[in-house]
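Chemist: Use these hints to put chain B onto chain A, whose structure you have.
Chain order of the listed sequences is A and B.
Here this note's numbering is used: position 70 in the first sequence is 70, and no number is missing along the way.
Here this note's numbering is used: position 143 in the second sequence is 1143, and no number is missing along the way.
There may be inaccurate statements among the hints.
What the hints assert, rightly or not - Some chain A residues near chain B, calculated using beta-carbon distances under 7 Å:
(1) 102
(2) 104
(3) 106
(4) 111
(5) 123
(6) 125
(7) 126
(8) 129
(9) 157
(10) 160
(11) 216
(12) 317
(13) 319
(14) 320
Source of the hints: derived by calculation from the structure; they are not laboratory data.
Glycine included, C-beta positions come from ideal geometry on N, C-alpha and C.
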Amino acid sequence: MPASKEKKLEMLRSMLLARKFEEELTELCKIKNKIPGMMILCTGQEAVGAGVCAALEADDVIITNHRSHSHLLAKGADPKLLMAEIFCKRTGCNKGKSGTLHLAVPEVNAPCTTTVVGGGPPIAVGRAFAQQYRGEKRVTVCFIGDGAANEGSVHEAMNLASVWRLPVVFVCENNVYAGAQRYEEHTRAANIADRAAGYGMPGVVVDGNDAAAVYDSVREARERALAGEGPTLIEYKTYRWRGHGENDMQLYQPKDEIARWQAACPIPRLRADMLAEGLVTADEVRTMEAQAESVVLEAIRFAEDSPYPEPHEALEDVFA
Amino acid sequence: MQKLGMGQAVNQALREEMVRDPGVFIAGEGVGVSIHDSPMLPTHGLLAEFGPKRVKDTPVSEAAIAGLAVGAAEAGLRPVIEIMFNPFFTLASDMIVNHAAKLRYLSGGKSSFPLVVRMKSGAGFGAGCQHSHNLEAWVAHCPGLKVVMPSTPADAKGLLKSAIRDPNPVVFIEDMMLYFAPGPVPEGEYLIPIGKADVKRPGRDVTVVTWSKMLGVALGAAGKLAAEGIEAEVVDLRTLSPLDTETILASVRKTGRLVVLHEASRTGGFAGEVAAVVMEQAFESLKAPLRRVTGPDIPVPASPPLERFYIPDEGQLIAAVKDIV
Chain A
1 MPASKEKKLE MLRSMLLARK FEEELTELCK IKNKIPGMMI LCTGQEAVGA GVCAALEADD
61 VIITNHRSHS HLLAKGADPK LLMAEIFCKR TGCNKGKSGT LHLAVPEVNA PCTTTVVGGG
121 PPIAVGRAFA QQYRGEKRVT VCFIGDGAAN EGSVHEAMNL ASVWRLPVVF VCENNVYAGA
181 QRYEEHTRAA NIADRAAGYG MPGVVVDGND AAAVYDSVRE ARERALAGEG PTLIEYKTYR
241 WRGHGENDMQ LYQPKDEIAR WQAACPIPRL RADMLAEGLV TADEVRTMEA QAESVVLEAI
301 RFAEDSPYPE PHEALEDVFA
Chain B
1001 MQKLGMGQAV NQALREEMVR DPGVFIAGEG VGVSIHDSPM LPTHGLLAEF GPKRVKDTPV
1061 SEAAIAGLAV GAAEAGLRPV IEIMFNPFFT LASDMIVNHA AKLRYLSGGK SSFPLVVRMK
1121 SGAGFGAGCQ HSHNLEAWVA HCPGLKVVMP STPADAKGLL KSAIRDPNPV VFIEDMMLYF
1181 APGPVPEGEY LIPIGKADVK RPGRDVTVVT WSKMLGVALG AAGKLAAEGI EAEVVDLRTL
1241 SPLDTETILA SVRKTGRLVV LHEASRTGGF AGEVAAVVME QAFESLKAPL RRVTGPDIPV
1301 PASPPLERFY IPDEGQLIAA VKDIV
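Chain A on its own, in the form it takes in the complex (with noise of 0.2 Å):
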């Protein structure tokens, strides 16, 4: 079933979410000494999170990566508590230990934000078994990058998943870079989808700025995935607007490239194609922007009003 009106509502409003968090912290990241350690973004890729987590349901779980925010704000983070975590604040959401790169959002089934690239699949594999055993009617979504397909990790994962017909969705988000390295210095196959046939699953190729088309791809691969038929490996072709993190000077990134994919936004896609679907008026949208700036605006409040950990509070939540 296609994504209805409420559905493409929310997603609009969650893509305008997190495009104005991570724009916020692209101006917050270059302030010295603000936010302590890396800072990876996801900005132009916002359709993926959006109708991915769209096209679940609240008890489904997600698994992600170190491009996340867009994925745990689609799953229903809440926006203040993942601020301050990303300010190392003693009030985000995991006290200070995790930072920006390791999110952990047990709450909303995102328990899971790991960086060691290709770390998330044994993990989703896991927590989709646990699905199985207890016969729920729950999925888990596994997000990748490119780069994550290359390693030894995400074929096991695969495999097993495959064997055991796992409900799992392994979702690769194809943004042409890992690290420096574009996708053709990497990877010989056209396409990583490609190599879900090796696994015995469908593989999927999906525009990746198309926020419908993500949800209608996810709707079906859940779908499957609940009748026991398995797992399936969607790709979606997306690009990375910004470097690898924000201090890379994307030297080895073309200005034109760039250019090309910030003209095709999948956030004026989708708001075109409800606009001229009388989905949404202009007034609307503009509304849905201001209280997206005012959510990211408080939850920057939060953040830095709030008091950083005692350093005692280090030797904490090591065992339970």
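Modeler: Relative to chain A, chain B alone:
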């Protein structure tokens, strides 16, 4: 009292815990249908009793097996996975070291990972260094993991039951040679706490700290030393992490002398950690320099005389004790 090999004792623990808690499942290569099936082995008969839903034979795929445990544990199940041989831990290590051990911390204490990684270890069966390589010091070095290494069948049963009930990841290392050395195991339900060492033989002249298969070497040597009037106290760590420093320190303060014995190779071995604890906290009690008796810094060789050369024996321990008593 029943006499069981360590594999049989592990088997009893698995069976009892699977009966007690429907969330306990086991997974690994050949845990159901095995190329090595024998009543002496840990998972024998469990497939027939509990069925393929709870006894999961996996592909040869250590990273996936370990990830299965991490994800399932986060969801609240109680996975007990098997890594067939300790050296294959390297293939599973990202899931255990970077994920099982760290994800609770990264969640700020929101998630927990109640899983057990059983690994078969030890030299002595001629398979060479890619099947025999004791890596307990590696895992003990990782915050967030508990490391258990039993020396007797009775300890193995009680410790494994505790490991399965523990809310944290536990690496449980079984020396395969002990599968074929039957010992007394109490009937019925009992638990042995993780993190408690056990004085297996009291003595006044020297403390021998050891664990796993080397306990047999320590007790054998202690018997011979006693005939010469030297009373060795043998402390079996049972758990490397968290380390029971109290029991080690109390023994060394009594005897004034320490020898640490392990099968693993020497440099960076866990004997160094035990030695450092004693030097930091009981230096004034030492009447002589401490000694380490360990495997040499070589891969475990295959040829029987070379493998025997590798494994520390009673003669080496006796010589080390006599050197400082």
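Chemist: Hint by hint, note whether the structure agrees.
Modeler: Each hint tested on the structure:
no. : hint : result
1   : 102  : holds, 4 Å
2   : 104  : holds, 4 Å
3   : 106  : holds, 5 Å
4   : 111  : holds, 5 Å
5   : 123  : holds, 4 Å
6   : 125  : holds, 6 Å
7   : 126  : holds, 2 Å
8   : 129  : holds, 5 Å
9   : 157  : holds, 5 Å
10  : 160  : holds, 4 Å
11  : 216  : violated, 27 Å
12  : 317  : holds, 4 Å
13  : 319  : holds, 5 Å
14  : 320  : holds, 4 Å
The earlier numbered hint that this structure contradicts is number 11, and it is the only one.
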